[in-house]
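Quick mapping for you: the protein sequence lines, in order, are chains A and B. For the first sequence, the numbering used here begins at 1 and goes up steadily by one. For the second sequence, the numbering used here begins at 1 and goes up steadily by one.
These aren't lab readings, by the way, just hints derived from the structure by calculation. Check before you lean on any hint, since a few could be wrong.
To be verified - Taking lysine to aspartate or glutamate and the EDC-like style, the derived pairs with C-alpha atoms no more than 20 Å apart in a straight line are: (1) A:Lys121 with B:Asp118; (2) B:Lys127 with B:Glu164; (3) B:Lys277 with B:Asp288; (4) B:Lys121 with A:Asp118; (5) A:Lys121 with B:Asp114.
The structure displayed is predicted, hence computed values, not measured ones.
Protein chains: 2
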Amino acid sequence: MGNWRENVRSVVPYVPGEQPQFTDMIKLNTNENPYPPAPGVMQALQAFDGTRLRMYPDPNVTELQAALAEFYGVRPEQIFVGVGSDDVLAMSFLTFFNSEKPFFFPDITYSFYDVWADLLKIPYERKPLDPDFRIRTEDYEAENGGVVIANPNAPTGLLLAPEEMEQILSHNRDVVVIADEAYIDFGGTSALPLLQEYDNLLVVRTFSKSRALAGSRVGFAIGNPELIRCLWDARNSFNSYTMDAVTQKAAAAAVRDRAYFEETCRRIVRTREEAKKRLAALSFTFPDSKTNFLFIRHRELPAEKIFEALRARHIFVRHFNGERIHDYLRVTIGTDEQMEALYRALEEIEKE
Amino acid sequence: MGNWRENVRSVVPYVPGEQPQFTDMIKLNTNENPYPPAPGVMQALQAFDGTRLRMYPDPNVTELQAALAEFYGVRPEQIFVGVGSDDVLAMSFLTFFNSEKPFFFPDITYSFYDVWADLLKIPYERKPLDPDFRIRTEDYEAENGGVVIANPNAPTGLLLAPEEMEQILSHNRDVVVIADEAYIDFGGTSALPLLQEYDNLLVVRTFSKSRALAGSRVGFAIGNPELIRCLWDARNSFNSYTMDAVTQKAAAAAVRDRAYFEETCRRIVRTREEAKKRLAALSFTFPDSKTNFLFIRHRELPAEKIFEALRARHIFVRHFNGERIHDYLRVTIGTDEQMEALYRALEEIEKE
Numbered sequence: 001m002g003n004w005r006e007n008v009r010s011v012v013p014y015v016p017g018e019q020p021q022f023t024d025m026i027k028l029n030t031n032e033n034p035y036p037p038a039p040g041v042m043q044a045l046q047a048f049d050g051t052r053l054r055m056y057p058d059p060n061v062t063e064l065q066a067a068l069a070e071f072y073g074v075r076p077e078q079i080f081v082g083v084g085s086d087d088v089l090a091m092s093f094l095t096f097f098n099s100e101k102p103f104f105f106p107d108i109t110y111s112f113y114d115v116w117a118d119l120l121k122i123p124y125e126r127k128p129l130d131p132d133f134r135i136r137t138e139d140y141e142a143e144n145g146g147v148v149i150a151n152p153n154a155p156t157g158l159l160l161a162p163e164e165m166e167q168i169l170s171h172n173r174d175v176v177v178i179a180d181e182a183y184i185d186f187g188g189t190s191a192l193p194l195l196q197e198y199d200n201l202l203v204v205r206t207f208s209k210s211r212a213l214a215g216s217r218v219g220f221a222i223g224n225p226e227l228i229r230c231l232w233d234a235r236n237s238f239n240s241y242t243m244d245a246v247t248q249k250a251a252a253a254a255v256r257d258r259a260y261f262e263e264t265c266r267r268i269v270r271t272r273e274e275a276k277k278r279l280a281a282l283s284f285t286f287p288d289s290k291t292n293f294l295f296i297r298h299r300e301l302p303a304e305k306i307f308e309a310l311r312a313r314h315i316f317v318r319h320f321n322g323e324r325i326h327d328y329l330r331v332t333i334g335t336d337e338q339m340e341a342l343y344r345a346l347e348e349i350e351k352e
Numbered sequence: 001m002g003n004w005r006e007n008v009r010s011v012v013p014y015v016p017g018e019q020p021q022f023t024d025m026i027k028l029n030t031n032e033n034p035y036p037p038a039p040g041v042m043q044a045l046q047a048f049d050g051t052r053l054r055m056y057p058d059p060n061v062t063e064l065q066a067a068l069a070e071f072y073g074v075r076p077e078q079i080f081v082g083v084g085s086d087d088v089l090a091m092s093f094l095t096f097f098n099s100e101k102p103f104f105f106p107d108i109t110y111s112f113y114d115v116w117a118d119l120l121k122i123p124y125e126r127k128p129l130d131p132d133f134r135i136r137t138e139d140y141e142a143e144n145g146g147v148v149i150a151n152p153n154a155p156t157g158l159l160l161a162p163e164e165m166e167q168i169l170s171h172n173r174d175v176v177v178i179a180d181e182a183y184i185d186f187g188g189t190s191a192l193p194l195l196q197e198y199d200n201l202l203v204v205r206t207f208s209k210s211r212a213l214a215g216s217r218v219g220f221a222i223g224n225p226e227l228i229r230c231l232w233d234a235r236n237s238f239n240s241y242t243m244d245a246v247t248q249k250a251a252a253a254a255v256r257d258r259a260y261f262e263e264t265c266r267r268i269v270r271t272r273e274e275a276k277k278r279l280a281a282l283s284f285t286f287p288d289s290k291t292n293f294l295f296i297r298h299r300e301l302p303a304e305k306i307f308e309a310l311r312a313r314h315i316f317v318r319h320f321n322g323e324r325i326h327d328y329l330r331v332t333i334g335t336d337e338q339m340e341a342l343y344r345a346l347e348e349i350e351k352e
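Whole structure, please, built from the sequences with the hints as guidance.
Here it is, written out as structure tokens:
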């Protein structure tokens with residue numbers, strides 16, 4: 001037996017969210033969209049000429065890029081596309097965070113930021129949220145090598161107001177500021193209009209939530225053309241064909257159906273607002289989410305107990321073991337029917 | 001305007017191989033398979049239930065892993081899957097090459113090895129091929145942090161004999177040795193049987209050549225379960241959902257059709273062997289390729305001139321500007337019809 005083990009990168013293996021396979025289950029644990037993707041996606045799959053797969057896909061993802069540019073009213077050169085927003089974010093860290101100074105992000109936020117930083121040997125510093133889980137914008141005024149703000153933040157669901165985002169941008173003109181807007185389509189206010197004024201802003205989005213294409217792995221970034229060019233250059237020097245040809249077609253079809261997109265987002269927001277009333281009546285408190293999930297805490301029952309009791313009923317939600325958040329459960333907004341089943345189960349659990 | 005530009009990673013932008021769009025063209029420049037993927041791939045696309053795309057894909061790529069395990073007669077725990085072999089190779093470098101010592105690879109080989117090493121800050125050393133483009137196995141006996149051998153090598157097409165590969169493995173038991181077998185299915189002898197003896201061997205493969213799925217982005221690695229576990233752990237700590245759900249199905253379908261795979265590989269080998277005769281008759285010399293391309297040099301005409309003359313006829317081949325290889329053209333093996341058109345064009349060009 002050789003000693004190759006000595007040179008293996010040691011990682012703390014990430015345990016992916018549970019993917020239970022019960023047929024009767026209600027899956028509210030991974031912030032997926034409860035509605036199917038736009039009908040055009042299914043048509044694109046049906047119409048796809050499989051013989052074309054023998055050839056490499058378009059490395060520039062031109063069709064999808066053009067569809068996104070039209071949707072957001074920007075130029076195609078302002079759009080970078082990647083295999084999920086994880087890919088876009090990791091590529092952005094690699095491209096823009098090359099300072100000796102640490103880049104900043106909140107202590108409670110998307111859990112991959114520090115993982116990529118460690119992996120890419122980028123220094124970073126976590127800025128604690130206040131006791132109400134709010135970002136203190138003044139924390140981001142010190143010298144740094146970049147800033148990443150998930151907005152709305154996860155798993156809290158809280159939105160940073162546009163003027164607060166602008167405050168962070170105006171204090172950080174010499175570094176790139178990333179607005180990770182994975183959940184922005186559920187009633188949040190995007191930083192996109194700030195692109196006019198700030199050439200250091202990069203807005204990152206995903207198809208996994210509002211566009212119901214988690215299974216397709218699509219993310220993108222919008223920024224000024226120079227910033228976006230840097231991303232493509234870094235990507236192409238690393239791996240020149242990343243998005244498969246079928247996904248390029250399916251994702252472009254999803255983008256073209258604005259009406260379906262807006263209607264399903266509206267439905268999820270409506271269900272979420274109803275959920276706030278119902279869960280408040282059930283003795284839960286929560287930050288005022290602008291996402292497709294709620295981060296809820298029961299006034300009396302421990303989160304772990306509720307988690308297990310729901311699980312026994314094949315209702316799956318997410319529990320994180322982090323220091324300041326272990327009393328909470330993250331509950332994805334499902335269909336109205338799924339949510340009614342959730343409320344019934346929670347009523348039972350309160351009475352147990 | 002801010003100074004964020006100072007912290008942008010400077011890269012030499014890679015110029016991807018030409019993707020011309022003429023309808024009458026003969027595209028022999030990117031080593032794609034001239035035949036379509038297995039019929040089961042088209043069926044899998046047609047049968048795919050698009051509504052499932054709202055959910056995350058299987059992070060463990062279980063179905064494809066099982067199909068590959070069965071095909072190669074290994075256990076599923078011996079298979080790692082990634083988005084193209086570029087993804088698998090980059091992830092392998094990241095996972096296994098963490099020594100202070102340089103890892104070794106030939107000076108003329110796949111052009112991304114040094115790119116990933118630079119990106120991941122891994123030291124490396126290139127070992128010159130001999131004047132006949134052969135790997136000198138003794139070069140790989142010095143202390144190192146790992147070894148990567150493209151076998152057959154690209155763009156030379158030359159195969160390293162199994163006993164030479166074993167020699168490299170036996171001198172490097174304390175580091176991981178990667179056999180990048182992208183082109184092995186065209187008549188090469190794989191290192192796979194050496195897995196019995198060498199727990200430090202990782203065999204990397206792609207679906208882009210022999211399986212005609214370049215458009216789908218699928219690669220995989222086979223190794224002992226411990227090595228493969230390390231790869232999954234590193235991958236999952238970095239990006240937990242990489243392969244989209246449609247591709248997982250399509251690729252598994254391709255693997256299940258062994259007869260189609262073997263028949264199309266056999267056809268390409270037959271066309272290649274005929275091409276060797278025809279091109280030799282046309283005053284070309286070339287290493288004895290065991291791949292789906294030939295690396296050809298004309299006895300009199302400069303490569304650049306032939307390249308341009310073919311291009312004018314809408315026949316696209318590849319020309320590299322590297323120091324020892326600028327006299328050569330890399331020509332992908334197409335269908336018999338495409339190759340006949342190539343021979344006719346070359347005859348004309350010789351007479352010009």
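- Taking 20 Å as the top limit, are the C-alpha atoms of Lys277 of chain B and Asp288 of chain B close enough? holds, 11 Å
Does Glu164 of chain B lie within 20 Å of Lys127 of chain B when you go C-alpha to C-alpha?
holds, 15 Å
With a cut-off of 20 Å on the C-alpha distance, tell me whether Lys121 of chain A and Asp118 of chain B pass.
Within the cut-off at roughly 13 Å; holds.
**Q.** Satisfaction of hint between Asp118 of chain A and Lys121 of chain B, Cα-Cα up to 20 Å
**A.** holds, 13 Å
Q.
Check the hint pairing Lys121 of chain A with Asp114 of chain B against an upper bound of 20 Å on the C-alpha distance.
A. The hint holds at about 19 Å.
Consistency with the previously given hints is maintained throughout, with no hint failing.
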